[in-house]
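> Now for the letters of each chain:
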Amino acid sequence: MDLQFSVADLSFREEVRTWLEENAPKDRPQNDRKALTEYDINWQKIQWAGGYAGISWPAEYGGRGASLTQQLVWFEECGRAGIPGIDTCFVGINHAGPTLIASGTDEQKSFHLPKILRGDVIWCQGFSEPGSGSDLASLSTRGIIDGDELAVTGQKIWTSFGDKAQYQELLVRTDASGSKHKGITWIIGDMSAPGIEVRPIETMAGDADFCEVFYDEARFPLTSVVGRLNDGWNVAMSTLSFERGTAFMLSQVALAQVVEELIDVARTHTGPDGRRPAIADDEISRHLAQTRADVAALRAMTYLSISRGAKYGTPGPEGSISKLRYSDLSQRVGRLAIDVLGHDALNFRSRSQLHSWVQEYLRSYAASIGGGTSEIQRNIIGDRVLGLPR
Amino acid sequence: MDLLLSDEQQEIASTVASLLTDDLGNDTIDVRRTPTPINRETWARYGELGWFSLGLDEGLGGVGYGLAEEAILFREIGRQIPPGPFLASTLSARLAALGGQSQLAGSIAAGRTLVALAEPRNPDSAAGASISGSFDLFDGQDAEYVLIVTPRGAALVAAEDLGSLQPTACIDPSVHLATVDLSGAGAALYRPAGDDLLFERGTILIAATLAGVAEAVRDMATEYAKVREQFGRPIGVNQAVKHRCADMAILAEAAAAQVFFAAVSVDEGRGDAAFQASAARIVATDAALEGARANIQIHGGMGYTFECDANLFLKRSHVLDRQLGDKYAELDRLIDLPQAI
Ligand SMILES: Cc1cc2nc3c(=O)[nH]c(=O)nc-3n(C[C@H](O)[C@H](O)[C@H](O)COP(=O)(O)OP(=O)(O)OC[C@H]3O[C@@H](n4cnc5c(N)ncnc54)[C@H](O)[C@@H]3O)c2cc1C
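Residue numbers (the numbering used here), protein chains in the order written: chain A, 1 to 390; chain B, 1 to 341.
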């Protein structure tokens, strides 16, 4: 048991830190969606130029091929440098790319992977449907084979960046005769195909991050099928476990920073009683200390799961434990920010750093829904970690 | 960087676990439910095995492992909650050794001299060369010394200098509890807080014990949820039960991860060791108390009985929460510490 990083990892940290100091983009725009997307894509391009794009991707596919520990170092340093995340490029880097690497054909790989790494394209994930959310396998958007094409008809929903993306990971039902997990096909959907209509949906945080996507006999060549026809469920599952692996590290580092900023601000900002600094309130002060402790434990859990990953291979269902803990904590931190802000908590659209917390607070409500709800994560922990009967 | 137990550490854990299981099972009296004198033979055997000096340097007469190994041992104690002054023995052996009293240190480490923990009932009654104030005394029955550990320093006081003890029935039936008032008692040994990090070490060992409790109650509840049937199915198929078990698993994982992170922080001399220790205590207290509560609930009427172990884990958690400060004091300390590295 140790917390020592190897000499190689330490020098990697030095290298990354220096590189980030010189290259990391500053001042991510707060509320301007278009500017945000440009910022994210620009950051992806900078990473590519610096040789850091696809930090977890194998080197043979153009990625950095970093070990789990170096991925941790990378995300810790990005967090320290104030890099918020890779929202716009998340699906491409953390889902689509890894899926193509695992299950794609050589043509699919050589066409798509470099584009993703270079920040030339945005991907979205077309999994959820109005009738199929938690029960994803019940999805019913139809894909009918017609010659060497698939004609897709149906509807997806909650598609993040659906209005920005050039490609999507699209799950369609190609066989409705058997059990629901069989008969799903994973295809690379070209978003410019005729018959696709995208409509943004406004979220409770005032963003328009996700969309409804309608398909009216939209046609995709059969060569865009990833993995085998009707085997899309298995193809998709490999990316979902990836999502709960290292991809959340950066959010965890960022959350720790928010807590520290919050403590700093609470020392001077007038709290809810309108007189004293927020931290003079015992309840606020103890909640802040509690989140400090919980954030520390979240980091320890990340270290523990990296240790497991390094020893036993791919991340197991324990990833659900970290994800649940993170979503719960980010909501508590958001709520605490509101308490610390006191009277200023109602000011929504201001561009100051303080008020971005109000929006972050509202955004935190998504953490326990997107990527599998907290209830579904608890089912996974109960069934697969604890072995409880179904 | 590796937070998993090494093979050798795994070996320590399983040796401790099986010995505790044997000892608890072999006793003719149910020592976890009845206040009994410490079995001196057993205690000396634990001493011989090095349990009270695992993390003490060999040069100081210890086994020469680190705090990580001590935390591994205390987690096993939390899993089985045997009675006895494990914490006071471990901390006082170290204190005596660091204070140059190697004979006393050796005798405590060997399990021959018993030491009880004295917990100040308010911040004014604290450790110093001369000690005054009101204290809770844990497992003081046959003790020759009492140990006081506070963030400001640690002291050993000879039992004969204590004056009269007022025994009280303890919420945990295996713990001997008494109150004692001291006015100007001279310390046999006093060391102000410094590089020893004695308070932080104690905090982490308490957290390790609580993490063990959290794991024990998670396992107890999960096992019961698999076998107890109602409405023709195991109760664990119901999400109200399953999700509670999942929450216990999350709490226990957080506690253990943070305890080991903190223990290694001390062993490696990280600058934020005090921060990590404090965080460990806070998350482990939550994990044990919330887990113990859920475990009672999941056992239904059985969980409310004295016969079921569920109540013992709850009660021990409360006792642990009142040693070396408590969760509130820890929160107030943590908010003033510099941020983690
Ligand atoms: C910000 C955000 C971004 C998203 N981005 C995408 C995206 O890019 N692509 C995409 O495909 N999807 C995306 N989603 C969709 C997300 O995956 C789904 O919202 C989620 O899986 C839940 O599905 P649902 O909304 O249909 O809720 P439902 O499944 O209808 O669930 C409603 C409630 O019932 C509970 N529930 C359902 N089943 C069970 C059960 N078996 N046991 C206990 N409780 C249950 C749920 O936990 C929830 O509380 C996004 C969602 C959000 C919030």
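Just so you know, the hints here were simulated from the structure itself, not pulled from any lab data.
Hints may be right or wrong, so weigh each one.
Coverage of chain A stretches by chain B, computed from C-beta distances (three or more under 8 Å per stretch; other residues unrestricted) [claimed, not checked]: (1) 3 to 14; (2) 75 to 82; (3) 204 to 217; (4) 280 to 289; (5) 294 to 300.
All values derive from a computational prediction rather than experimental measurement.
All C-beta atoms in this analysis are idealised placements derived from N, C-alpha and C, irrespective of residue type, glycine included.
> Hints first: check each against the structure and report whether it holds.
Cross-check of the supplied hints:
1. 3 to 14: It holds, with 4 qualifying residues against the three required.
2. 75 to 82: With 0 residues close enough to chain B, the hint is violated.
3. 204 to 217: violated (count 0)
4. 280 to 289: The restraint on the region 280 to 289 of chain A holds, since 4 of its residues have a Cβ under 8 Å from chain B and three suffice.
5. 294 to 300: holds (count 6)
This entry does not satisfy hints 2 and 3, going by the numbered hints stated previously.
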